[in-house]
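Taking the hints into account, I'd like the entire structure generated from these sequences.
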Amino acid sequence: MEIFLQQLVNSLSVASVIILIGIGITLIFGLTGIINFAHGEFLMIGGMTTWLVVSNGGGFIIGLVAAVLFVGLLGFVLERGLFRLTLDRPMNGFIISLGLIVVLQHFVIRFWNSYQKSIPEPLSGVWEIGGVQIIVMRAVVVLITAVVVAITFFGISRSRYGLALRASVADQETASLMGVPVRRYITGVFIYGSMLAGLGGALMIALFPITPFIGSTIVVRGFAVALIGGLGNVAGAVVAGLVLGLMDGLSAGYGLPEWTEAYSFALMILILLLRPNGLLGGTAGPRAV
Amino acid sequence: MKFWQFCAIAGSALFAASAQPAAADDDTIKIGVVAAQTGAFVSAGNTIGAGVTLAVKEINDAGGVKIGGKSRKIQLENRDDRTDVNVAIAAGRELVNDIGVAALYGTESHDFSVSMTKITGPAKVLQFTGNSSLGAILTKESVAPGAPLHYTFQSEPPEFQRSGSTARGVLKLLGKEIGAPLKNAVVFVADDATGQYLSEHYVKALEANGQHVDLIKYPPNTTDFTPLLTRAKGLNPDTVHFWYNGDVTLVAFPQAVQLKVAKGYFLFGVDPGVWADRKLVSTAPVTLSCVPMCWGAPPTPEAKAYFDRYFAAGAVKGVQSSVSLLYYDYMHWYAKAIEESGSTDPDTVVAQIEKMKYQGVVSKAPLYFDNRHRVSFATEVCLVKPNTSDQFECAVEEPPTEPPAGDNGG
Amino acid sequence: MSNSETMVDTAPAPATPESEVKVAAGAHLTLVERLIMPTILIVVLFGLPWFHPGYRLLSLATSTGVSAIALYGLAILVGQAGIMSVGHAALMGVGAYTGAILSRDLGMNLWTALPFAAIFSALAAGLVGLPSLRVGGHHFVIITFAFCGLLAIVLTNGGAFTGAASGLDIGAIAPLFGVSFGKLQNVYLLVAFFVLASIALTWLVMVSRYGRTLRSIRENEKLASALGIDVRFHKIVAFMLSGAFAGVAGILQVYFLQHISPELFGAFPSVYIALMVMLGGPRMLYGPLAGALIVTFLPEVLNLDPIDARIAYGIGLIAVILLLPGGVMAGLASLYRTLRSKVARA
Amino acid sequence: MSLLEVANVDTAYGAVAVNRDVSLSVAEGEIATILGPNGAGKSTLMRAICGLLKPKRGRIMLDGHDVTGLPPDRLAKLGVVMVPEGRRIFADLTVRENLRLGAYSREDQGEVEADIGRMESYFSILADKRSAKGGELSGGQQQMLAIARGLMARPRLLLLDEPSLGLSPLMVREVQSVIIDVRKNFGAAVLLVEQNAGLALSVAARGYLMQSGKIVLASAIADLRDSTLMRELYLGGGKRPPIKSRDVETL
Amino acid sequence: MSALEISGLRKTFGGVVALDGVDLSIDLDEILGIVGPNGSGKTTLFNVVTGALKPTAGSVRWRGENIAGLPAHQIARKGLVRTFQQAMSFPALSVRENILIAHEHGAASVNGKSMSPSDILHFVGLKGREEEIAGSMPFGNLRRLGVALALAARPALLLLDEPAAGLNDGETEQLAEIILQLPGRGIGVCLIDHDMNLIASICRRLVVLNFGVKIAEGPPNKVLNDKKVVEVYLGAPT
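Chains as they are written, first to last, in our numbering: chain A, 1 to 289; chain B, 1 to 410; chain C, 1 to 346; chain D, 1 to 251; chain E, 1 to 238.
In case anyone wonders, no lab produced these hints; they're calculated from the structure.
Residues from chain C that face chain A, not an exhaustive set, calculated with beta carbons under 8 Å:
1. His-138
2. Gly-149
3. Leu-150
4. Tyr-313
5. Ile-315
6. Leu-322
Straight-line C-alpha distance at most 25 Å; calculated DMTMM-like pairs for lysine to aspartate or glutamate:
7. B:Lys-260 / A:Glu-128
8. B:Lys-183 / A:Glu-2
9. C:Lys-222 / E:Glu-131
10. B:Lys-279 / A:Glu-121
11. D:Lys-54 / A:Glu-173
12. D:Lys-133 / D:Glu-111
13. C:Lys-222 / E:Glu-104
14. C:Lys-222 / A:Asp-88
15. E:Lys-222 / D:Asp-226
16. E:Lys-227 / D:Asp-223
17. B:Lys-73 / B:Glu-340
18. D:Lys-133 / A:Glu-173
19. E:Lys-228 / D:Asp-223
20. B:Lys-118 / C:Asp-105
These numbers come from a predicted model, not from an experiment. For each residue, glycine too, the CB sits at the ideal point set by N, CA and C.
Structural data, given as structure tokens:
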């Protein structure tokens, strides 16, 4: 029982990072139809930013804020400079994002080599509750994610801006007729999604060392979450992130660990085939190219 | 029309430029290195070139290789394989067929090394390469004269030897520190070529030392080990053994300590030097081992002197830095084999190496290749004193001569 | 939208001035112009060994050629049928493993196993395409990507049958009609022959009824099916044909390297294949070859710093997609047409 | 001065021209209509007026200010709101959310709730279904919601594109009375595009007849109803309307 | 028995009834016009008959065989070929390729006098434009190409969905001439259009749909003066 509880607790922290990535992907993909595979690289850049700040004597909090702001800025620049030009041809946006992966990875390697980077654990310590070890930093990561998800969720379901965002995901043209500046929302979503990825990167490097190649493994999870949860559906992304995190944790804990990654791939393929709109329903998928 | 004309001209110019045949130079012996200087394997790749470079510099500074009263300098050709098999093969082709090297060092990866042997073999170029997993293809028959792998030499000992000496040393040091008999062990190993290969032997070695062993394979890009570690914890292990990539091991280990998975730990590929450099501290007893020995705690004065020279030359203090020592020794050994046989003819040199015992810096005992072209040397295992980052207790474990029961010897 | 009658009313009226009407690209080329590229291609492709290019270049040219074969397969899919896949390395993997396993278990050589490699890869493509091609562009792309990841895991954990993570070894290419393939030149010429065959086959597809059928699906699925074209069937067949190319490339790769392992066929090699096709120009006959040359051959020949080369390549790709959406070759072709018409006018 | 003034507007989709030299006006508080067969270019003109499509030529003026080429969200702020063809209700949003969204562009967000109350009291069906998803409403209910959603912006000009499309005769009659009330109760001018001439003729004061992208007749509604041109366009018979053949290449 | 016999055809989208028990028959020597206001179910009728949509109920018998629910390409191969309001061509391909595609597929057997692609281009007036890229052509030519594509598919029955929409008078007349010649070539025509003059001048028989229900059928002059039809279009007299 202890072991099972421990597995549940373990799963949460990785699920957190996946959820942070997945929310950005689901919103960007849902709103623009662009499959931004470089979103994982945004996370990597966030982690690297934190690492740079911390290794130059800044605190973790400063590093985290810097990561969020810098990656947000990066998202803004890339949306305005590149992705905006492909809004009418999302498949080109996808190809560009593949090019961006190459550029961003090698840019980091160019200046800071390809070795893995780590920072000292910002908070050390372990709480033990009934035999279950709760690592403090992991708990903090889960807490920060929970707060961010709650804010995002509240903003999207309750605020006027969230309403306009949901409407834009469903039908950009009609939303614009209602006075919603859809283009600005696209930029906003890119910035917000990037900031979440930056945050994810900062939280990730607080837990594990990261390399310039981390993006590709995480982005597949992000897309799995976005597609399983339903495009544009934040609640769906959160649920799917938890499901995927738990599935990872439990299959590693009780199944054949070397097949762990296969489970999420298989689940993603199945959902795409059987429920193309996702388990919790989202947009019918972006318009065809 | 213009563009195609330009293409044709540019194309033929390009080919003409690249077509210059390599000028034969009788005064030098050409040696090649193919290893990753960029890409995912960079931390392993860099050390190969660094070790060989140091040895070549020493040989040349001493006047070169002496054959029949004449000295020949060594000309070193270093190539980056970019962690890409096609680039590695092309580099191998260039070194072997275009430049005409007499010996090739590298690569760091099992796959690349195997493909490379298909180039070096027919060209009769000596290849010092790869890790213990090459043992899967090196057999008495395949290394015999005229056989495809006659010129291939494995840089690490047979896996049963390394596993055997490591297991014995680890259990000894940990048993003493923990003070209770060690019974249950869990082995963590990457689910890749090297990991799959060596786990077979290490499990057998632990069992031969009276352990009950559970094996857990992790996908190579795992960062969060907690689900696997929690699973391990459920098995109530006394010891947990992390193989084999030092970087990954250092990710997994702190998570294990936080989860209180076992009483003691073993980390392969983490050098005490790295431990000290990064000011790591552990509350639980932990042992480290490196191939072929640890640069953070060199067991002999010769080895210490080597690492001082090595790092003075600007090499990186990484988890795999000590691997350079192997290639350093093989370079010197190769030069010595030429001098002793008085010939650069590959068949003569191979025959010479096969019968030689070479006293290098890798170990106290002389090195030799067995009848499957696998080297033998001891393993150094160090215990980190709990709650310290620079107190180590190290021991050199000699390899077992026979594989344990159920182990095919690798 | 469920009912097409609720679409906006469309009242387009004539407007395109006669001067803006575009004419098919190859319409007015002379015979000489049509023969220039094939001639250059054949001369350079088969003449290369006589330039004494050195083994490194020849080796690079061989691996470039192997990937070019797979690129042609993908180009038929993307360029003609309009279906994007980022799972092509996996299909190469099926071909490569077919070759290696048939050699190990049945003692078959390259020549006897080649058709099986092509067929098995095609079947694998059919198996993936059958359920997934109906879910549409974006989802299909992601499914192919996931399929690639899955295959790598299956191969890694396939035990002795797939050689697990260490992969499989294979002997050299067996002599054919007395020609031995012990020398790299001959291996290169063999691959060059297959490259030429791929180009020729692609050309045949492009100019044939079949190519037109695929293009009609790319251009307008609804209209195509109203004209009697079984869209789903042809999409799957196109994916299978594309898979057969990848299978041939895969078996050539395993015989070139004489060793394979799962890592060669994962998601990232797939992405690179897709990028090379898009860079070169998926609809152009020489686009895939150009893509392969630019990405795998050029940086090595020019001895660019690998990191800088990758950055330059990424930026170049983005620039091409934004400025020349048809790829480098399409850009060159239109440049040629412009120059040509200027010359003709002068 | 008219509220809306469309002057010599040409529109096109890409290279394909739709409207040619269209001029029309709508006065403050007036109901005007554009009639014409399917394919005449009515909806395209509406898209140009509300900012979804940039005119190729000509000007669109609001209160005498040039608003040509402004995006739809800016025009919504200025009081020009379109109720699109096919209703385009947000199916996953509730009825109340659809209404609130209609008020997105308003500065006085404080009064939005009060306005939702007004809409609910006028369109009683919306009060009954306030928490239902938009997609759960029937066609007629959706049309009411679409109009109410448009009115939530407190528009000065409401563009209605085919509001009777696909509705039963009973619902069409209801839409008819709502359009009249839009002007009376909510003070907005209406520009109505209808294929259902019966509906359009019964609510509008003035009408424009459009064919092949051009306005071929502009008159008071009574004259329009009795014109033979109108009858011929809808029901055929007689000679083709005298339209100048355009400069198109012949066979 | 007529070549195409539709009976009790019904199509619903969720709760919306698009076609409500439509009965219809068409012979191959006639031009049938189908009219009705927007949203009355005309295009849905075409979609169901040609297999783009599956009917909810009812039967579509083509030469005695029930083809309801067959996939679109199979129906096309049986000689029932349609055009679309939009999406009339393969835009990035040349006119030649467009016409070849239709010619190479289409109906399996030859119906009536089969025309060669070149004949068809001549017939619709696109001769000499073979190398032009379809998507860059003027609209009128694009409409002609749409008809040409359908003809190249060797139809026995041609279903034309608003072929005159967006055409000017001259072009419409030219189109009418083309359509009028089809029954003589053994090709039946079923025509949806809003141009009542066109319909009245070339159709012998007219069917009026409203809310998915057939409300009138008969010769044009009779149907267009039918009280119910006038009411649908111009509203009840007030």
